[in-house]
Amino acid sequence: MNVNLSRRSFLKLAGAGAAATSLGAMGFGAAEAAVAARVRPFKLVTTTETRSICTYCSVACGIIMYSNGDFKAGEQAELVHIEGDADHPTNRGTLCPKGAALKDFIRSETRTTVPRYREPGGTAWREVSWDFALDKIARHIKDDRDANFVETNDAGVTVNRWTTAGFLAASGGTNETGWLTWKTTRALGLLPLDNQARV
Amino acid sequence: MTSLAPEPLTAASNPPTQPLESNLLPTDVRRISATAHVPPPTRQLTEVAKLIDVSKCIGCKACQSACIQWNDTHPEVEENVGIYENPHDLTPDMFTLMRFAEWENPETNELEWLIRKDGCMHCEDPGCLKSCPAPGAIVQYTNGVVDFISENCIGCGYCVKGCPFDVPRIHKTAHVSKKCTLCSDRIAVGQGPACAKACPTQCITFGPKEEMKALAAERVEDLKERGYDNAGLYDPQGVGGTHVMYVLHHADKPSIYSGLPVDPRISPLVEAWKGPAKKLGLMAAGAAFLGSALHGIFAKPNEVSEHEEEEAEELYEDIVHEAPEASGGEAHGPVASGEEAR
Numbered sequence: 000m001n002v003n004l005s006r007r008s009f010l011k012l013a014g015a016g017a018a019a020t021s022l023g024a025m026g027f028g029a030a031e032a033a034v035a036a037r038v039r040p041f042k043l044v045t046t047t048e049t050r051s052i053c054t055y056c057s058v059a060c061g062i063i064m065y066s067n068g069d070f071k072a073g074e075q076a077e078l079v080h081i082e083g084d085a086d087h088p089t090n091r092g093t094l095c096p097k098g099a100a101l102k103d104f105i106r107s108e109t110r111t112t113v114p115r116y117r118e119p120g121g122t123a124w125r126e127v128s129w130d131f132a133l134d135k136i137a138r139h140i141k142d143d144r145d146a147n148f149v150e151t152n153d154a155g156v157t158v159n160r161w162t163t164a165g166f167l168a169a170s171g172g173t174n175e176t177g178w179l180t181w182k183t184t185r186a187l188g189l190l191p192l193d194n195q196a197r198v
Numbered sequence: 000m001t002s003l004a005p006e007p008l009t010a011a012s013n014p015p016t017q018p019l020e021s022n023l024l025p026t027d028v029r030r031i032s033a034t035a036h037v038p039p040p041t042r043q044l045t046e047v048a049k050l051i052d053v054s055k056c057i058g059c060k061a062c063q064s065a066c067i068q069w070n071d072t073h074p075e076v077e078e079n080v081g082i083y084e085n086p087h088d089l090t091p092d093m094f095t096l097m098r099f100a101e102w103e104n105p106e107t108n109e110l111e112w113l114i115r116k117d118g119c120m121h122c123e124d125p126g127c128l129k130s131c132p133a134p135g136a137i138v139q140y141t142n143g144v145v146d147f148i149s150e151n152c153i154g155c156g157y158c159v160k161g162c163p164f165d166v167p168r169i170h171k172t173a174h175v176s177k178k179c180t181l182c183s184d185r186i187a188v189g190q191g192p193a194c195a196k197a198c199p200t201q202c203i204t205f206g207p208k209e210e211m212k213a214l215a216a217e218r219v220e221d222l223k224e225r226g227y228d229n230a231g232l233y234d235p236q237g238v239g240g241t242h243v244m245y246v247l248h249h250a251d252k253p254s255i256y257s258g259l260p261v262d263p264r265i266s267p268l269v270e271a272w273k274g275p276a277k278k279l280g281l282m283a284a285g286a287a288f289l290g291s292a293l294h295g296i297f298a299k300p301n302e303v304s305e306h307e308e309e310e311a312e313e314l315y316e317d318i319v320h321e322a323p324e325a326s327g328g329e330a331h332g333p334v335a336s337g338e339e340a341r
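Chains as they are written, first to last, in numbering that gives the first Met the number 0: chain A, 0 to 198; chain B, 0 to 341.
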């Protein structure tokens with residue numbers, strides 16, 4: 000755009016502008032535009048809540064995971080936020096710095112999300128299905144128990160124990176999962192039972 | 000039809016996921032930066048406050064984690080230089096920071112580890128808002144929350160100079176000023192700040208300011224019983240009181256807590272610049288306007304006499320005749336010397 004502006008009219012225009020803004024600043028007229036304040040939109044609206052337990056230590060704090068999309072309804076869910084569960088008796092909504100940063104832990108690109116298998120003597124891990132992994136574990140348990148199960152001790156007393164394998168359970172479980180862990184291992188005769196809380 | 004969100008009472012509750020009508024509206028704004036005429040708010044919200052009991056803090060930084068997660072900021076990973084502060088200072092992506100101070104108590108000769116959660120104090124009389132030249136970039140709500148509206152921010156950094164606590168930080172690439180919002184988005188739906196909810200020792204509590212003062216009084220009494228005779232509440236009146244308060248075991252010496260100001264006030268420079276200097280400037284502008292108007296009316300254009308015209312003609316002739324010789328002589332000089340040099 001070309002504007003033919005002489006030196007004189009440029010000065011006139013600039014003077015008028017300065018005068019107008021000065022008048023505005025002095026309180027004449029509504030030169031100060033009223034700008035509507037607004038807070039950030041609440042980001043958890045219409046998200047799906049999923050209650051869970053923090054994965055880290057044996058305190059087992061209750062957490063609520065907020066996701067876009069309902070996983071149970073068959074939708075692809077995207078985790079957007081995690082915070083402490085105020086209704087949980089262990090932590091009443093509070094979390095430690097690691098627990099408070101769980102979102103980044105879950106969304107981490109290096110997190111293992113599927114079972115991986117490395118053959119005896121093999122050098123590389125390969126991704127396998129859950130069926131493959133569970134069958135493999137069941138096979139090992141059965142073989143080892145068949146080979147090393149002790150029904151009676153030297154004195155002939157029935158002991159029904161299996162001491163060549165151990166079971167490492169999660170410390171963050173509830174009473175119910177603890178009961179199930181106990182029943183499963185003791186039914187097999189398994190004696191070494193521990194969890195990651197005792198480190 | 001969405002229902003109006005309740006006013007926040009505590010941080011220890013689970014946030015709603017159903018749509019609620021915000022309870023922190025543009026009509027609840029009490030002050031706006033660079034704006035003299037703010038329409039009076041239609042209602043008075045309950046004044047809220049965050050109470051930080053320094054004597055209960057274990058320095059775990061859960062508040063920092065929760066702040067990052069809620070506000071979706073991404074502070075850079077920094078180098079460990081042998082101090083506990085991480086990051087080393089408040090940044091545009093880290094609105095709150097645990098500051099660690101080692102202090103030797105001269106009375107007991109014992110080393111005390113004083114850990115203070117630093118961040119915006121949400122002053123009743125905010126220096127940032129007063130010094131801000133961008134209309135609508137900083138607002139104060141009737142519940143005491145001082146919030147930065149990034150859309151209106153010009154990133155000039157005046158708020159940093161205006162803040163008695165040195166809290167705002169300018170984002171290098173976005174060119175906007177950033178600081179703690181007291182989780183205004185959570186408060187708007189009846190929730191407390193993310194840091195206060197996460198705090199595992201409940202050193203950070205949140206609620207109506209009067210309740211927080213009462214809680215602080217209980218804590219101060221308890222600390223005094225334990226031998227901290229100078230325990231007290233830090234709610235500095237130099238800035239009209241704050242909406243983030245501290246319980247200090249040594250309230251007589253706030254500066255030992257990583258330089259907490261003893262009597263914070265808005266810088267006299269800001270007060271002068273936005274007060275008398277602004278009025279003087281406007282008066283000068285008014286006088287200049289009036290003067291030029293009067294000059295335009297009364298002063299006549301300059302008149303040139305015939306004698307002056309003749310003199311000008313002569314001067315012009317002299318210059319035109321002398322010029323070519325003088326310039327020609329000088330022009331040859333440098334070229335010649337240049338050739339000699341080769």
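Simulated from the structure, these hints should not be mistaken for lab results. It is possible that part of the hints are untrue.
What the hints assert, rightly or not - With the Cβ distance kept under 10 Å, some of the chain A side facing chain B (calculated, not the full set):
hint, residue
1, ARG7
2, PHE9
3, THR46
4, ASP86
5, GLU175
6, LEU179
7, ASP193
If you're wondering where the values come from, they're calculated on a predicted model, not measured in any experiment. Built from N, CA and C at the ideal position, the CB exists for glycine as well.
Against the structure, the hints come out as follows:
no. : hint   : result
1   : ARG7   : violated, 12 Å
2   : PHE9   : violated, 16 Å
3   : THR46  : holds, 5 Å
4   : ASP86  : holds, 7 Å
5   : GLU175 : violated, 23 Å
6   : LEU179 : violated, 28 Å
7   : ASP193 : violated, 26 Å
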